[in-house]
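Just so you know, the protein sequences line up as chains A and B, in that order.
Going letter by letter, the first sequence gives residues 492 to 976 in our numbering.
Going letter by letter, the second sequence gives residues 492 to 976 in our numbering.
Please note that a few of the clues may not be correct.
[Said to hold, decoys possible] Heads up, incomplete: computed chain B residues facing chain A, CB under 8 angstroms, no partners named: (1) Ile733; (2) Thr834; (3) Pro891; (4) Gly914.
[Said to hold, decoys possible] For lysine-lysine, the following BS3-like pairs were computed, each having C-alpha atoms within a straight-line distance of at most 27 angstroms: (5) A/Lys550 with A/Lys518; (6) A/Lys518 with B/Lys900; (7) B/Lys728 with B/Lys518; (8) A/Lys900 with B/Lys900; (9) B/Lys505 with B/Lys518; (10) B/Lys550 with B/Lys518.
Because the hints were derived from the structure by calculation, they are not lab data.
Treat the numbers as computed from the prediction; the structure is a model and nothing was measured.
From the three backbone atoms N, C-alpha and C, an ideal C-beta is built for every residue, glycine too.
Number of protein chains: 2
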Amino acid sequence: MDRLAELEPLFFPKTIAVFGASRDETKFGSRYLRALLDFGFQGAIYPVHPSEDELLGLKAYPDLGAIPAPVDMASIMVPAPQVPGVLEQCRANGVRAAQILTSGFAETGDEGGRALEAQLRSLAGGDLRFVGPNCFGVYCPAGGLTLLPGGNFPKDPGPVAFLSQSGGHAVELAREARGRGIRFSKVVSYGNAVDLNEADLLEYVAADPETELVAMYLEGPREGIRFFRLLRELTPKKPVIIWKAGLTQAGAHAVRSHTASLAGEEALWTAALAQAGAVRVTSLEELADTVLAFRMLPPLTGTRVGVVGGGGGISVAAADACGRVGLEIPPFEEGVRAQLRSTVAAVGTSIRNPVDIGVPIVPPEPFERVMSIVAGAPNVDIVIATQALYHILSGRLAPPPEEREPFLKGLLAVPPAVRDRSGKPVVIVLPLGGDEPDMIEAERARRLIRDSYLGVGIPSYPTLERAARAVAHVAHYYAWLRTLD
Amino acid sequence: MDRLAELEPLFFPKTIAVFGASRDETKFGSRYLRALLDFGFQGAIYPVHPSEDELLGLKAYPDLGAIPAPVDMASIMVPAPQVPGVLEQCRANGVRAAQILTSGFAETGDEGGRALEAQLRSLAGGDLRFVGPNCFGVYCPAGGLTLLPGGNFPKDPGPVAFLSQSGGHAVELAREARGRGIRFSKVVSYGNAVDLNEADLLEYVAADPETELVAMYLEGPREGIRFFRLLRELTPKKPVIIWKAGLTQAGAHAVRSHTASLAGEEALWTAALAQAGAVRVTSLEELADTVLAFRMLPPLTGTRVGVVGGGGGISVAAADACGRVGLEIPPFEEGVRAQLRSTVAAVGTSIRNPVDIGVPIVPPEPFERVMSIVAGAPNVDIVIATQALYHILSGRLAPPPEEREPFLKGLLAVPPAVRDRSGKPVVIVLPLGGDEPDMIEAERARRLIRDSYLGVGIPSYPTLERAARAVAHVAHYYAWLRTLD
Chain A
492 MDRLAELEPL FFPKTIAVFG ASRDETKFGS RYLRALLDFG FQGAIYPVHP SEDELLGLKA
552 YPDLGAIPAP VDMASIMVPA PQVPGVLEQC RANGVRAAQI LTSGFAETGD EGGRALEAQL
612 RSLAGGDLRF VGPNCFGVYC PAGGLTLLPG GNFPKDPGPV AFLSQSGGHA VELAREARGR
672 GIRFSKVVSY GNAVDLNEAD LLEYVAADPE TELVAMYLEG PREGIRFFRL LRELTPKKPV
732 IIWKAGLTQA GAHAVRSHTA SLAGEEALWT AALAQAGAVR VTSLEELADT VLAFRMLPPL
792 TGTRVGVVGG GGGISVAAAD ACGRVGLEIP PFEEGVRAQL RSTVAAVGTS IRNPVDIGVP
852 IVPPEPFERV MSIVAGAPNV DIVIATQALY HILSGRLAPP PEEREPFLKG LLAVPPAVRD
912 RSGKPVVIVL PLGGDEPDMI EAERARRLIR DSYLGVGIPS YPTLERAARA VAHVAHYYAW
972 LRTLD
Chain B
492 MDRLAELEPL FFPKTIAVFG ASRDETKFGS RYLRALLDFG FQGAIYPVHP SEDELLGLKA
552 YPDLGAIPAP VDMASIMVPA PQVPGVLEQC RANGVRAAQI LTSGFAETGD EGGRALEAQL
612 RSLAGGDLRF VGPNCFGVYC PAGGLTLLPG GNFPKDPGPV AFLSQSGGHA VELAREARGR
672 GIRFSKVVSY GNAVDLNEAD LLEYVAADPE TELVAMYLEG PREGIRFFRL LRELTPKKPV
732 IIWKAGLTQA GAHAVRSHTA SLAGEEALWT AALAQAGAVR VTSLEELADT VLAFRMLPPL
792 TGTRVGVVGG GGGISVAAAD ACGRVGLEIP PFEEGVRAQL RSTVAAVGTS IRNPVDIGVP
852 IVPPEPFERV MSIVAGAPNV DIVIATQALY HILSGRLAPP PEEREPFLKG LLAVPPAVRD
912 RSGKPVVIVL PLGGDEPDMI EAERARRLIR DSYLGVGIPS YPTLERAARA VAHVAHYYAW
972 LRTLD
């Protein structure tokens with residue numbers, strides 16, 4: 492059976508049975524049920540409980556057999572020793588999908604946990620497919636499903652899939668992404684991967700028409716060879732961003748206690764991921780930053796960056812930050828320099844690349860001129876500009892209050908206008924102006940400005956280092972793609 | 492003459508002449524004068540102006556000769572072509588120190604700028620020593636001096652010196668540091684280093700009794716051999732943290748346009764800095780983070796970290812983040828594991844190192860028990876714990892409102908108590924809970940909590956990666972120091 496049809500009940504169930512909710516609302520099962528209700532699941536939910544008649548306002552049933560309709564998916568949060576029994580019950584009643592959130596299996600490292608996991612393994616496969624145990628399950632906005640603590644996650648779907656061996660990271664990325672306007676097709680926390688593993692799920696998102704971009708957090712794969720074969724097939728069609736954890740000695744040790752897998756080795760992974768055309772990241776922040784860049788940037792045609800900022804030291808640091816991640820900062824040709832020379836003040840500035848406009852903020856008009864000249868340079872593929880707006884937002888270096896709003900509006904209009912006219916992508920760095928409590932209002936304004944940039948498709952980052960790193964990933968992916976032709 | 496006596500008038504002038512202030516308050520000279528007044532310089536300030544009688548409420552003088560008292564230091568912000576003349580006037584009138592903030596010299600790369608810089612060079616040395624040109628000058632709280640845009644910088648001095656070839660970075664670090672409770676002995680932005688250069692200033696801060704820790708931002712040194720000799724002498728006595736920019740090809744190109752020096756080469760610098768015992772960083776953020784760690788941590792006796800956090804994926808990532816910067820995460824011995832086993836829930840947790848307490852936040856009492864056990868482990872030198880307080884601050888995972896304050900207070904009391912009882916340093920990670928505008932109140936609270944930790948000498952960082960990186964720098968410095976014995 493093809494994966495899409497096979498896993499349809501896992502992502503788009505019409506009916507869900509919930510095992511493990513109770514009157515105690517602090518229990519995982521109850522919190523999951525609450526999240527599902529808050530999120531607004533549209534189908535029927537059937538809590539299963541041996542003695543309760545009603546839970547969170549829903550009629551409860553003593554077992555699957557008592558439920559009056561066919562159940563598509565089971566969410567299982569009962570204590571570990573009861574999980575195999577529930578799973579058998581599901582199988583006997585024709586349930587085709589389950590997510591087992593319960594922990595206490597092989598990841599504990601003890602005899603009992605391993606034995607329970609072996610029992611689950613003997614129940615895996617066939618008509619009933621499941622994720623887990625030891626996970627947070629599935630978030631699929633189009634299917635009305637959410638993760639354990641995700642009652643308030645965005646309900647609108649998007650093109651990004653995230654497959655995560657860790658439930659914590661699945662939740663963290665969904666949260667990080669929320670503030671960046673990134674929306675998901677499917678987020679799957681698959682934990683110990685006793686049945687559905689990284690390869691199965693990769694196969695699913697490869698076929699999934701809703702998914703255009705795949706992100707993964709991997710500890711140890713269960714089917715490494717099959718995984719890499721699928722990965723090689725997928726990367727030319729959809730970018731795959733992979734955070735492989737456990738590649739340091741310390742990390743490898745922790746992986747073994749976490750999802751009971753053996754970590755691969757650094758050198759092997761580096762070579763294999765590069766060969767497979769995957770984009771490799773090493774932290775959640777980098778993962779989220781890179782997803783944002785892939786979502787908002789067009790297929791980049793090169794790695795040559797035009798950098799614009801104010802304050803000389805910043806420019807050297809900017810060049811270093813770009814150089815360190817493999818971006819080029821090409822010198823401008825004389826024609827471009829001449830244009831810049833007639834625009835930028837002669838003193839305390841630089842008309843080389845990076846362009847140093849001399850002060851942290853210039854008014855909209857000269858900013859637009861500089862940006863247009865740099866975007867127009869024939870040897871520039873993309874522009875990264877720093878706007879140290881906190882000087883305005885904090886009132887430290889601001890026009891008089893009555894001029895502030897048009898001044899800001901003017902500055903914010905420049906990046907999209909320059910991008911649209913030049914056809915070159917623009918990325919904006921919006922630095923924090925210090926993280927003292929008394930800068931909080933400036934920080935609130937900064938976040939709103941960041942959001943307004945995201946709203947017009949301009950990726951924005953708080954530091955040049957992060958912007959350069961994300962841009963480099965996108966540029967290198969498309970450069971790799973061109974080598975395949 | 493020894494450096495301390497020689498540079499006394501630069502850092503502790505009793506009288507300052509200001510060249511370049513005018514009625515136009517947007518000019519650099521006027522803004523500098525305003526900053527000096529706002530900062531509260533205690534000595535006499537004499538603006539020098541050819542035609543004005545008064546500037547910003549101060550009596551102005553047509554030239555140095557007209558000033559009724561001896562002038563210790565001159566701040567020079569007149570246009571570049573006038574600077575040599577002003578400098579000659581200073582020399583003729585017995586002024587012993589100057590800071591030349593004006594740009595437009597060799598850093599422009601053009602003939603005229605280079606010629607002007609050559610003129611300045613011919614006036615360098617002798618009884619008049621100066622920093623600059625193309626800089627932001629000196630910030631010395633004990634002397635009542637501040638940088639160009641530093642009218643609101645902290646007035647209380649501290650033990651950190653920062654020598655920066657870039658004025659922008661000097662201001663940025665002072666600002667970053669402000670929010671971290673770091674205070675400075677001297678910050679010197681020395682720009683083109685025509686007279687006083689990195690070696691002279693290093694010699695000064697080496698002798699300076701007020702300075703215990705030195706940070707530097709270097710593009711290209713003027714006296715490399717002398718600089719490294721001084722550096723080797725200093726590092727066993729005072730840690731020296733160096734951010735060397737311009738070591739990528741892109742950066743080297745930018746350095747040449749910035750302060751007109753040739754950048755060194757990556758491999759040479761790496762070897763030379765390591766051999767000299769300097770702590771090497773590659774960004775402003777890392778510099779500020781590392782200064783904080785050096786200020787708050789005792790001389791670390793090893794690199795073995797006990798890591799505490801909640802959520803399994805976080806722990807693997809934590810171990811990786813530590814491993815990547817050369818910290819060890821040693822497995823606990825059975826006695827410690829037994830203690831943890833009796834404290835931490837059996838399921839969804841890990842009692843290996845990193846310790847995964849299973850949920851992002853536990854109440855103060857179990858948190859204290861876990862922290863005490865980990866700090867008490869004989870093979871742990873330092874504890875890094877993550878407190879995902881945003882779950883409480885945002886109300887997402889919080890005790891009822893009336894219990895919230897004692898709950899938080901209890902949690903915040905644990906790290907200093909554990910540190911004091913165990914004698915092991917503790918570092919706290921306070922993650923941001925997302926950067927949406929609607930999380931701004933949680934972020935404000937987070938910053939206040941961070942400040943309260945800093946107030947009791949507990950360094951705090953927003954990510955585990957940053958905490959580990961800073962801790963590793965301190966641990967490696969003291970490990971290097973022990974090899975000298």
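Hints, one by one, checked against the model:
no.	hint	verdict
1	Ile733	14 angstroms, violated
2	Thr834	16 angstroms, violated
3	Pro891	12 angstroms, violated
4	Gly914	24 angstroms, violated
5	A/Lys550 with A/Lys518	18 angstroms, holds
6	A/Lys518 with B/Lys900	25 angstroms, holds
7	B/Lys728 with B/Lys518	42 angstroms, violated
8	A/Lys900 with B/Lys900	42 angstroms, violated
9	B/Lys505 with B/Lys518	25 angstroms, holds
10	B/Lys550 with B/Lys518	18 angstroms, holds
Going down the numbered hints, you'll see the structure goes against 1, 2, 3, 4, 7 and 8, while the others check out.
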